[in-house]
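Peer 1: Residues per chain are reported as follows:
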Amino acid sequence: MKKYILDFTLTENKALHDAYVLLKLTPADGAPLPPMLPGQFVNILVPDSPKTYLRRPISIHNVDMERNELWLLVRKAGEGTKHLAAMPTSSIINMVVPLGNTFSYPAQKHVAPLLVGGGVGVAPLLYWGKELLRQGYAPQFLLGARSKKDLLQLEEFAAIGKVHIATDDGSFGEKGVVTQHSVWNDDFSFIYACGPKPMMVAVASKAKSKQTPCEVSLENTMACGVGACLCCVEKTTQGHVCVCKEGPIFNTEQLTWQI
Amino acid sequence: MKKYILDFTLTENKALHDAYVLLKLTPADGAPLPPMLPGQFVNILVPDSPKTYLRRPISIHNVDMERNELWLLVRKAGEGTKHLAAMPTSSIINMVVPLGNTFSYPAQKHVAPLLVGGGVGVAPLLYWGKELLRQGYAPQFLLGARSKKDLLQLEEFAAIGKVHIATDDGSFGEKGVVTQHSVWNDDFSFIYACGPKPMMVAVASKAKSKQTPCEVSLENTMACGVGACLCCVEKTTQGHVCVCKEGPIFNTEQLTWQI
Amino acid sequence: MANLRVEIGGLQLKNPVMTASGTFGYGIEFADFIDLSRLGGIIVKGTTLEAREGNPYPRMAETPSGMLNAVGLQNKGVRYFAEHIYPKIKDIDTHIIVNVSGACIDDYVATAEIIASLPAIPAIELNISCPNVKQGGMAFGTSCSGAASVVKAVRKVYPKTLIVKLSPNVTNIAEIASAVEAEGADSVSLINTLMGMAIDAERRRALLSTVTGGLSGACVKPVALRMVWQVAHAVKIPIIGLGGISSAEDAIEFLLAGASAVQIGTANFIDPAITVKVIDGIDDYLTRHGFASVTDIVGALETN
Amino acid sequence: MANLRVEIGGLQLKNPVMTASGTFGYGIEFADFIDLSRLGGIIVKGTTLEAREGNPYPRMAETPSGMLNAVGLQNKGVRYFAEHIYPKIKDIDTHIIVNVSGACIDDYVATAEIIASLPAIPAIELNISCPNVKQGGMAFGTSCSGAASVVKAVRKVYPKTLIVKLSPNVTNIAEIASAVEAEGADSVSLINTLMGMAIDAERRRALLSTVTGGLSGACVKPVALRMVWQVAHAVKIPIIGLGGISSAEDAIEFLLAGASAVQIGTANFIDPAITVKVIDGIDDYLTRHGFASVTDIVGALETN
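Chains as they are written, first to last, in this note's numbering: chain H, 1 to 259; chain L, 1 to 259; chain A, 1 to 304; chain D, 1 to 304.
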């Protein structure tokens, strides 16, 4: 898949709440967006951010073909993402795009796949859910957060499939973590998970016990984004592989997690 | 003179032409400006400028007591000043202020002092000219530039005293460099010069030949701005002294220039 | 257009801009971004006799104007390289140079011999300066005798262009450069990474699995320039300068300090097309300043 | 409020935050910005036996996240210090420590003897690492025997707290630290500046009159942290860490790596009030993490 170094114009910067923004970007030269797959990511050069030397990898949240816009969900974690979240619309932002691999399709369409997201980990699940729906699958979502206000993009997810919610404080949906949710009583064709590592490990374990295939999206610290520097490696059954190139999507059977 | 670390709000950023902007700033907390003398400078922390590690020293161009505003004339020279020149109004800018010494008054009031500026070197002469006028002197200005469009703040200077002009291309005033100007046929009580070093050396030499006292404003590369790091030294008859603390204004007799 | 050709120990480069080992993969990772044939050379990643898994994750930490890495020479070994990777890259129209590392002299020699048999590899870069593995060569690179012994042994079996990559983690890099020159090295490249460390204060843990790692990026440029300058006054063989080069201006500074060519490393991560911009920028500079050839500015720094 | 007191070779500091020599003048230059009595200590600028004019201008160049300087120990000599400067600063309610440099051992000894006679100066920092003058001590600081010889001679005449400032421009800083510890140094401070260089490509000239100079600022922090970590594993005397500290978090990283105290240098130029912010930030950190005393986090880095 061809990779590009492209300038984008920031068309919208919407605060989702204190810690998250939704950025919508379109190629600055007006050209159509290059092909991008669900699960892939972009590597962003944060403008005018003195403490940010390297690019910042961010999952592709959605591709709006009609409006020629790429959506990114950004959590204000460090200096780089805080700077990014503060960019005014019409800013020019340089990205290397698209990077990484994509999710695998379930083997069957008559059983629903479950897409499990925690915190900003919901980001890649929107684009993937839309794609699954388009291909005739009936994706369901299980989204977890600390509290109701931390749930992101619920309406967008609800437009694609059934949404199950778990909050730590019980302020919305079922109380508890995602793996405690009653939706696990059902069977699914495939489990996809993205979120904090302990949550992904728990989901992978759940999937294993149900003998359901499971893919997770990893976000190891990276530098180059193209498989050159070997910094973002994950230990797999094949040895160390680059999350930026062989991932970020891995079948949990490839990983050496204790599940 | 007490020095402060203060946040200022940028109230106006006016492009004078391609290479220069006039910045007007007021203390962000609304407090009155601290006392500042002509010839002194501020040391600015340029916000969000990845290639600017140290503060940037900038001459005080004017102090507008009525509007509680400090004026800075900034030439877009390097990364720092370019960033500064691009700041939108209402930006918050941190400065250490005021730094350095001031000019000396002429011994007599019935003969005019001449303030000679080249390029962005005109900056400190506006505030000094206003102060001289306020104290009952009749300052005249001799301003040099490459071309008419490079002359800065002419109206402001004309409001204070007679303005003589020299341009390299003769597009305004007399053709030639400042030291070739016919105004040197007159006698002056004191010569003050600020601009590129070769121009200041030439003016100092002219002043010497006329046996007129002469002060120049130096802008050696500096780091701390308070006489601590000893980086910005000028060789004087007293040895190496800090331009940021013992200067930036020096009587040319103190210097070891070949004039 | 100025003449950009330079020569490094018998090797003719179309221009002085190469890519640094470990920052550009095998070149093909960047083929979407630039025309690889425009490069003066590609130095492919550190290769050892046997496959190495490298260090555990995490291997990277961002620092002010730079980064630390602790990759630790992860590679599939020289035989895998020769059989599986070499065929894919041998026809790229630029010089492919292999960076060779080892835990002992015999390893260096055996690896160099295998690389010597690959016709499309005209040179090796002997890495005696990897700070990230206990036996990554830095023990060789930090003493004159150690450096000399590796170079002497490899020189016997390697007839093509032999570049030696020097460690900056030494008291006197010029001495080491002289020692490897005396053993027949055709060129020295410097600097490898400075050994550094980063800590997560909140968690009270080192940010690298190995605690210490190699510092690279713009932050090291002043140290790299100084070392190139010192080595240029100590040796007659051509110097390849690297360390934080992020623009044509940076590259020109290294040439002025005495480097005959340069390598671009960490900057490839920030702008994957930086190499061609640097090549074009050097050309512009030479034209603008009236130099017919890039060799005119090598060591042309004026001091008084 | 946590207990911030630390001890350096018999010297009780009210907190671990001092200012680095050459970056804070004699302290009084910063009296408008901060309450000097809040500091753990002030290390005043490098003092030599005789007055020195320092190097010609230009002496400074900005670099990525740092700066180079080539001041070259400009000072009016120790006798001038004792007569004219000491009276002005002796009553500041913090420890005033004098950084002592010399061209030969006799100079160090004579200077230390004069400083020893000043009752309000409880310690000296022996600078065997100035990279900016030919005889600024770096020749002493880059070999174990050189370092040991100066410390041995000064130790004989200087009974108060003796801190030795180490050069990072060495292959093995831990060895040098051990050598000065063996000769009776009470503490080591590190790192002095890394030797670097900057060039104006357009004018093809060095940006410093001396061509090379000392690199400091945030860019050197990873190297400084690594050296503190290495030295902490080699010596028992307390370590004073410095090199790019620009925030409380940075200072805490040095403490975790094994420093008992820290010095803030170049950051004073960027924020003249940074020292008190660092002191307050360390206090906050200790409270937030439930540590009663700053000494609890010295060397508390977890590695596995």
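FYI, nobody ran anything at the bench for these hints, they're computed from the structure.
Keep in mind it's a predicted model, so treat the numbers as computed, not measured.
Fair warning: there could be bad hints in the mix.
To be verified - Think about it this way: if two alpha-carbon atoms lie no more than 30 angstroms apart in a straight line, the pair counts; the simulated DSS-like pairs of lysine-lysine are:
(1) L:Lys82 to A:Lys277
(2) H:Lys14 to H:Lys197
(3) D:Lys277 to L:Lys235
(4) H:Lys235 to A:Lys76
(5) D:Lys90 to L:Lys2
(6) D:Lys236 to L:Lys2
(7) L:Lys149 to L:Lys109
(8) A:Lys14 to H:Lys2
(9) A:Lys277 to H:Lys2
(10) L:Lys245 to L:Lys235
(11) L:Lys197 to H:Lys51
(12) L:Lys197 to L:Lys208
(13) D:Lys90 to L:Lys51
Said to hold, decoys possible - Quick partial rundown of chain L residues pointing at chain D, CB under 8 angstroms, derived from the structure:
(14) Lys2
(15) Leu6
(16) Asp48
(17) Leu54
(18) Lys109
(19) Cys224
(20) Gly227
(21) Cys229
(22) Leu230
(23) Val233
(24) Gly239
(25) His240
To be verified - Only part of the chain D face toward chain A is listed, based on derived beta-carbon distances under 10 angstroms:
(26) Thr63
(27) Ser65
(28) Gly66
(29) Glu83
(30) Ile85
(31) Ile89
(32) Ala148
(33) Gly196
(34) Met197
(35) Leu215
(36) Val220
(37) Val223
(38) Ala251
(39) Phe254
(40) Tyr285
Where a beta carbon is used, it is the ideal one built from N, C-alpha and C, also for glycine.
Peer 1: If a hint holds in the structure, say so; if it doesn't, say that too.
Peer 2: To see whether the hints hold, each was checked on the structure:
no.: 1; hint: L:Lys82 to A:Lys277; result: holds, 22 angstroms
no.: 2; hint: H:Lys14 to H:Lys197; result: holds, 27 angstroms
no.: 3; hint: D:Lys277 to L:Lys235; result: violated, 36 angstroms
no.: 4; hint: H:Lys235 to A:Lys76; result: holds, 15 angstroms
no.: 5; hint: D:Lys90 to L:Lys2; result: holds, 22 angstroms
no.: 6; hint: D:Lys236 to L:Lys2; result: violated, 44 angstroms
no.: 7; hint: L:Lys149 to L:Lys109; result: violated, 33 angstroms
no.: 8; hint: A:Lys14 to H:Lys2; result: holds, 27 angstroms
no.: 9; hint: A:Lys277 to H:Lys2; result: holds, 21 angstroms
no.: 10; hint: L:Lys245 to L:Lys235; result: holds, 14 angstroms
no.: 11; hint: L:Lys197 to H:Lys51; result: violated, 36 angstroms
no.: 12; hint: L:Lys197 to L:Lys208; result: holds, 16 angstroms
no.: 13; hint: D:Lys90 to L:Lys51; result: violated, 39 angstroms
no.: 14; hint: Lys2; result: holds, 5 angstroms
no.: 15; hint: Leu6; result: violated, 11 angstroms
no.: 16; hint: Asp48; result: violated, 14 angstroms
no.: 17; hint: Leu54; result: holds, 5 angstroms
no.: 18; hint: Lys109; result: violated, 34 angstroms
no.: 19; hint: Cys224; result: holds, 4 angstroms
no.: 20; hint: Gly227; result: holds, 5 angstroms
no.: 21; hint: Cys229; result: holds, 6 angstroms
no.: 22; hint: Leu230; result: holds, 5 angstroms
no.: 23; hint: Val233; result: holds, 5 angstroms
no.: 24; hint: Gly239; result: holds, 6 angstroms
no.: 25; hint: His240; result: holds, 6 angstroms
no.: 26; hint: Thr63; result: holds, 5 angstroms
no.: 27; hint: Ser65; result: holds, 4 angstroms
no.: 28; hint: Gly66; result: holds, 7 angstroms
no.: 29; hint: Glu83; result: violated, 37 angstroms
no.: 30; hint: Ile85; result: violated, 32 angstroms
no.: 31; hint: Ile89; result: violated, 32 angstroms
no.: 32; hint: Ala148; result: violated, 16 angstroms
no.: 33; hint: Gly196; result: holds, 3 angstroms
no.: 34; hint: Met197; result: holds, 4 angstroms
no.: 35; hint: Leu215; result: holds, 5 angstroms
no.: 36; hint: Val220; result: holds, 8 angstroms
no.: 37; hint: Val223; result: holds, 5 angstroms
no.: 38; hint: Ala251; result: holds, 9 angstroms
no.: 39; hint: Phe254; result: holds, 9 angstroms
no.: 40; hint: Tyr285; result: holds, 7 angstroms
Against the hints set out earlier in the document, violations occur for numbers 3, 6, 7, 11, 13, 15, 16, 18, 29, 30, 31, 32.
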